[in-house]
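Student: In our numbering, the protein residues as written are 14 to 90.
Please note that the accuracy of each hint is not assured.
What follows is a set of in silico ranges between Cβ atoms, one per label pair, in the way DEER data are often shown [what the hints assert, rightly or not]:
#1 Leu22 / Glu75: 20 to 26 Å
#2 Arg23 / Glu75: 25 to 31 Å
#3 Gly38 / Ile65: 20 to 26 Å
#4 Arg74 / Leu35: 20 to 26 Å
#5 Glu82 / Arg34: 14 to 20 Å
#6 Ala18 / Glu82: 34 to 40 Å
#7 Tyr17 / Arg71: 15 to 21 Å
If you are wondering where the hints come from, they were derived from the structure by calculation, not from laboratory data.
Ideal Cβ placement from N, Cα and C applies to all residues, glycine included.
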Amino acid sequence: EVTYADGILRGNIGDDIPALRLEAGEKIMIDEEHLLDWMIVEDGKLIGGYTIRLAVQRMSREERERFLETLDYSIED
14 EVTYADGILR
24 GNIGDDIPAL
34 RLEAGEKIMI
44 DEEHLLDWMI
54 VEDGKLIGGY
64 TIRLAVQRMS
74 REERERFLET
84 LDYSIED
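Modelling step: build the complete structure from the supplied sequences, incorporating the hints.
Tutor: Encoded structure:
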C-alpha cells in the first residue's frame with residue numbers, strides 16, 4: 014500500500030534491501046524530491062519500474078526469458 018500526501022509517499026518495503034538496511038514490510042516515508050524511480054504491481058502488471066524496463070530491454074533474448082520467468086508480474090509496453 015502506497016499513499017501520497019503533501020509531497021510525501023508512505024508505504025511498506027516489498028523486499029529486503031540489505032544495501033539500505035531495509036526489510037520487507039518495514040514502513041517508510043520518502044519526500045517526492047528524493048524519488049528517482051518507482052514501481053507498483055497492480056493486477057499482476059508492472060506500473061512504473063522504468064529502471065527494470067530499461068534493464069530488460071538491454072538483456073539478450075535468453076537473459077530476458079530467464080529473468081521474466083522469475084517474476085510474479087508481467088511487464089507490458
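Student: Against the structure shown, which of the earlier numbered hints fail to hold, in ascending order?
Tutor: Violated: hints 1, 2, 4, 5 and 7.
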